[in-house]
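For the protein sequence lines, the chains are A and B, in the order given.
To convert, note that position 374 of the first sequence is 374 in the working numbering; the numbers rise steadily by one, no gaps.
To convert, note that position 276 of the second sequence is 276 in the working numbering; the numbers rise steadily by one, no gaps.
Derived by calculation from the structure, the hints in this document are not laboratory data.
Every residue gets a Cβ at the ideal spot worked out from N, C-alpha and C, and that includes glycine.
The reader is advised that the hints may include incorrect statements.
Chain B stretches covered by chain A per the calculated footprint, using a threshold of three residues with CB under 8 Å from any CB of chain A [what the hints assert, rightly or not]:
#1 188-196
#2 211-224
#3 231-238
These stretches of chain B come out as covered by chain A in the derived footprint (C-beta under 8 Å, 3 or more residues) [what the hints assert, rightly or not]:
#4 49-59
#5 75-83
#6 112-125
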Amino acid sequence: MKKYTDLEFLKLSKGKKFLYKITRFFCSIPQKILGIFVALWNLIKKIAFAVKDEAADIFSTFVHGDWKTKVSFLVMGFGNLARGQILRGLLFLLFEGVFIAYMVLAGGYWMSMLPSLGKVGPEEKYDFILDTYYTVYNDNSFKILLYGVLTIFFIIAFIYTWRVNIRQNKMAEKILASGKKLKSGKDDMRSLVDDQFHKTLMSLPLTGILIFTVMPIVFMILVAFTNYDGAHDGYYSNLFGWVGMDNFNTMLNWNVNSGGSVQSYAATFGEVLAWTLMWAFFATFTNYFLGMFVAMAINKKGINLKKLWRTVLVMTIAIPQFISLLYVSKMFAKNGIINGFLMNMGWIEQALPFWEDPTWARITVIITNIWIGIPYLMLITTGILMNIPSDLYESARIDGANPWQQYTKITLPYMLFVTGPYLLTSFTGNMNNFNVIYLLTGGAPTNPAASSAAGTVGYTDLLITWLFKITQGAESQYYLASVVGILVFVVVALISLVVYNVLPSIKNEEDFQ
Amino acid sequence: MSENNVTAPVKRHMGLKTSRALSNTAIYALLICISVIWLIPFVCILLQSFRVELKGPVGYVLPKQWGFDNYIALFKTDFPRWYVNTFVSALITAVLQTIIVLCMSYTLSRFRFKMRKPLMRFMLILGMFPGMLTMIILYRVLSDLGLTQENAVPGLILVYIASSGMGYYVSKGFFDTIPKSLDEAARVDGATRFQVLKKIILPLSKPIVIYTILTAFMGPWGDYVFAQYISFGTSSGMNVAVGMYRWLNHDQISSSYTMFCAGGVLVAIPVTALFLCLQKYYVEGVTGGAVKG
Chain A
1 MKKYTDLEFL
11 KLSKGKKFLY
21 KITRFFCSIP
31 QKILGIFVAL
41 WNLIKKIAFA
51 VKDEAADIFS
61 TFVHGDWKTK
71 VSFLVMGFGN
81 LARGQILRGL
91 LFLLFEGVFI
101 AYMVLAGGYW
111 MSMLPSLGKV
121 GPEEKYDFIL
131 DTYYTVYNDN
141 SFKILLYGVL
151 TIFFIIAFIY
161 TWRVNIRQNK
171 MAEKILASGK
181 KLKSGKDDMR
191 SLVDDQFHKT
201 LMSLPLTGIL
211 IFTVMPIVFM
221 ILVAFTNYDG
231 AHDGYYSNLF
241 GWVGMDNFNT
251 MLNWNVNSGG
261 SVQSYAATFG
271 EVLAWTLMWA
281 FFATFTNYFL
291 GMFVAMAINK
301 KGINLKKLWR
311 TVLVMTIAIP
321 QFISLLYVSK
331 MFAKNGIING
341 FLMNMGWIEQ
351 ALPFWEDPTW
361 ARITVIITNI
371 WIGIPYLMLI
381 TTGILMNIPS
391 DLYESARIDG
401 ANPWQQYTKI
411 TLPYMLFVTG
421 PYLLTSFTGN
431 MNNFNVIYLL
441 TGGAPTNPAA
451 SSAAGTVGYT
461 DLLITWLFKI
471 TQGAESQYYL
481 ASVVGILVFV
491 VVALISLVVY
501 NVLPSIKNEE
511 DFQ
Chain B
1 MSENNVTAPV
11 KRHMGLKTSR
21 ALSNTAIYAL
31 LICISVIWLI
41 PFVCILLQSF
51 RVELKGPVGY
61 VLPKQWGFDN
71 YIALFKTDFP
81 RWYVNTFVSA
91 LITAVLQTII
101 VLCMSYTLSR
111 FRFKMRKPLM
121 RFMLILGMFP
131 GMLTMIILYR
141 VLSDLGLTQE
151 NAVPGLILVY
161 IASSGMGYYV
171 SKGFFDTIPK
181 SLDEAARVDG
191 ATRFQVLKKI
201 ILPLSKPIVI
211 YTILTAFMGP
221 WGDYVFAQYI
231 SFGTSSGMNV
241 AVGMYRWLNH
251 DQISSSYTMF
261 CAGGVLVAIP
271 VTALFLCLQK
281 YYVEGVTGGA
291 VKG
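Isolated chain A, as found in the complex (with noise of 0.2 Å):
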C-alpha cells in the first residue's frame, strides 16, 4: 500500500486518515513479526559467537599463563591458593572435590542410565519358604528423569566454575603484573555485604527459582517425550521410556481411528484453545471497561462517601475465592438461591440451566467473572485516573466537548497508553485462570464427543483445567498434561511476543525513575 509522507497524510480527510492509520497498523504486523525472527537469528549468532571467543580466551589463558594457571585447569582454585587468596581457592578445590565425588558416586549411574531410562522393571518372584509370590523393584524410571536432569544441571554450574577459575588466574596474573595487590578473604566477605550486594540478596530467590521452577519445567518438557502415566508410573507398575514426538503427534494429530464418533484430540484441543481464548477475551475487557467505568463514576465530583463505596468492593476482594466462587456456582444451581427467588416471584416457570446449558454456563461464567474482577480493577484504574491531568478536561471542556468525547479522546487513550502491558499480563493470567472456572463449574456441562479425549472435557474448560483433569484420576496421563502445558507456553509466548512488539507502549523502565 502507498505510504504517505507527513504533509500529504495531513491532507487527507478525517474518515481517510483514520482508515489509513489503521491499515497502515495491519500491514506492520507481518512486518514485526518478521522482525521476531530476525532477532532470534540474532541472538543465536551472537550466543555462536560468545562460545567461540570463550574457547578462545581459554586456549589463550593457557598458552600464555604461567605454571600457576596451568595447573589450574585441572585442579581449581590451585592459582588462588597459590597466590595467596586462600578462601577463593578452598571453596574451588571443595566445590571440584564434591563435582568428582558425586559424579563417581552416584552422577555417573544416573547418566548412563538416562537414555534409556531404566532397564529392569519390578519382577514377580515366587518365595519357596513362605510359598507366596513377592515383587522386586529394581530401577526407577522417575528417578533416573529427576537425578539425570539434576546431573545435567551440575555439570553445567561445573562448567562455569570451571571457566571462572580459570578467568580469575588470568586477572590474578594481569593485576599482579600491574603491581598490585590481590583482594583477600577479608576483602571478599566485605564485598559481599557491599558492591557484590546482590549476588548475597538474589542467592537465596535464584536458589530456589532454580530447583522448584527451572527444574520442573525442564523435567515436564522431558516428560513429554515420554510415556510416563498412571501405568507406566517407572517404579510401581511399569517403567516408562522415551516415545520421542509420538505425544504431540496424538496431540495434533486430526484423524480419528475408531470411525466417526469419536473426536480427534486436535479437534478437541481446538475446542478448548478457542474457548479459552474467547474467555480470555471477554474476561480481560469486560473487567477493564466496567471496572473503569465504576472507578469513573465514583470519582466523578460531586459524589459522596467515596470511601464507603470503594471498601464495599475492596472488601470482595479480601474474601478467598474458594469461598465466594464456591457460594456463588451453588447460588447459580438449579435448587439454588437465584432460580428459587425467580421462581418464588413468579418469573420464571421452570430453573434456569445456568451451569447445564453450554452457552447459559459460558455466560454465566463470564458474568461472575466480573463480579469477582470489577473490584480490582477499580483499584487499578482509579489511581491512573487520578493521574490524568485535568488541566486536559478543562482545556476540552472550554472547547466544547462533551464527556463522551472527553472519555474517547482524553481517558481512554491515555489509559490504553498506561496500561497496555498491564492488559496483556491480564490476558495472559486469564488464560490460565484456574481458580475461577475450576471453582466454579469444574468445566461443566461435560462436552460428550471432546470428551473421548483425555480427561472429562467440559464447554467451560479451559486448557489449565483440562491439564489438571488429565493428571487427576488413575489414568493420569502425565505425558499428554505436559503437551498441553508446553502448548500452553507456546500460545502464550507468541501472544505475548506479538503483542509486545505490536504495542507502541512499552516503555523504558528508566523512564519511571
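Given the coordinates of chain A, work out where chain B should sit on it, guided by the hints.
Just chain B now, with coordinates in the frame of chain A:
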C-alpha cells in the same frame, strides 16, 4: 434584547445544575445497586450459616429457625485442624515470602549488573509455563521426602515460598520510585550497600512491605490447587479450601451445605478484618505497582 442577554446564561446555568443533579442521582442509584449485588452473596452466606431446619441448599435466604448448630457441628469435624494448618502455612509463608520478594525486587531495582536484563527476561518466560505442571513432579519429590499428606504443611510452605522470587514486579515498581540520589548520597558518606538497604530504603518502604505481607498471607489462605495436590486426600494435611471443597460434592452437599457457610464465615472474618485495617497499603500497592508489571 437586553433581557435575553441576562436570562440566557441563567437558564443555561440552571440546566447544567439540574442535569448534573440528575446524573448524580443516576450514579448514586447505580452505586447502590452495585453495592447490593457485591454484598448479596456474603450476606447470604452469613444468614445461611445460622439456618437450623435444613442442612442442604434451599431456594430461600432467611432461615426459619436460627441457631449456632452449624458452628458447633464444625468443631466435630476436622475443621479446626484444617484451620490451624491454613493459619500456620499462611503465617510462615507471609514472613519468608516477603523477605524473598523484597530481596529480589530491591536487587533488580537498584543494582545494575550484567545478567540483570537477561535474568528478568528469563523469569518472564518462565512465568508463561503453567505452574500447575510443575506440581506433578514436586508432589513426587516431596512425597519421597515425606512432606506430603499428613505432613503437608511444611511441604506446602516450601512450594509457596520457593518460587516467590518471580513475583517481584509490584515491589520493584515501588522501589523504582524511591530516588536513587538517596542511595548515592549515603554511598558517598561511606555506607555499604547493606547499610543503605537497612537504614534508608527499608524505613521508606513500609507500604510495600505491608502490601507484600498481606498478599503473601492471602495466597495460602485461599489456595486450593497446590494444597489439594500435596494433601492428596489425607484429611489431617488439608487446608480449609481443600477440606471444605468436599462438603459441596454431590454426596455431601445435602448434609453439609450450611456447615460450609459457617466455615466460610469463620475463614473470611480474620482475613477480611486484617484486610480492611491495612486497606490503605493494599490500595497503594495495587495502584502504584501492579500496572507497570
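Checked hints:
1. Remark: the region 188-196 of chain B is confirmed as covered by chain A, as 3 of its residues place a Cβ nearer than 8 Å to a Cβ of that chain, reaching the required three.
2. Under a criterion of three residues with beta carbons nearer than 8 Å to beta carbons of chain A, the stated coverage of the region 211-224 of chain B is upheld, 4 such residues being counted.
3. A count of 0 residues in the region 231-238 of chain B with a Cβ less than 8 Å from any Cβ of chain A is obtained; the coverage claim is therefore unmet, three being the minimum.
4. Counting residues of the region 49-59 of chain B whose beta carbon lies closer than 8 Å to any beta carbon of chain A gives 3, which reaches the threshold of three, so the coverage claim holds.
5. Coverage of a stretch by a chain is defined here by at least three residues with a beta carbon nearer than 8 Å to that chain's beta carbons; for the region 75-83 of chain B and chain A the count is 0, and the condition is violated.
6. Counting residues of the region 112-125 of chain B whose beta-carbon sits less than 8 Å from any beta-carbon of chain A gives 3, enough to reach three: the coverage restraint holds.
Violated hints, in rising order: 3 and 5; the structure is consistent with all others.
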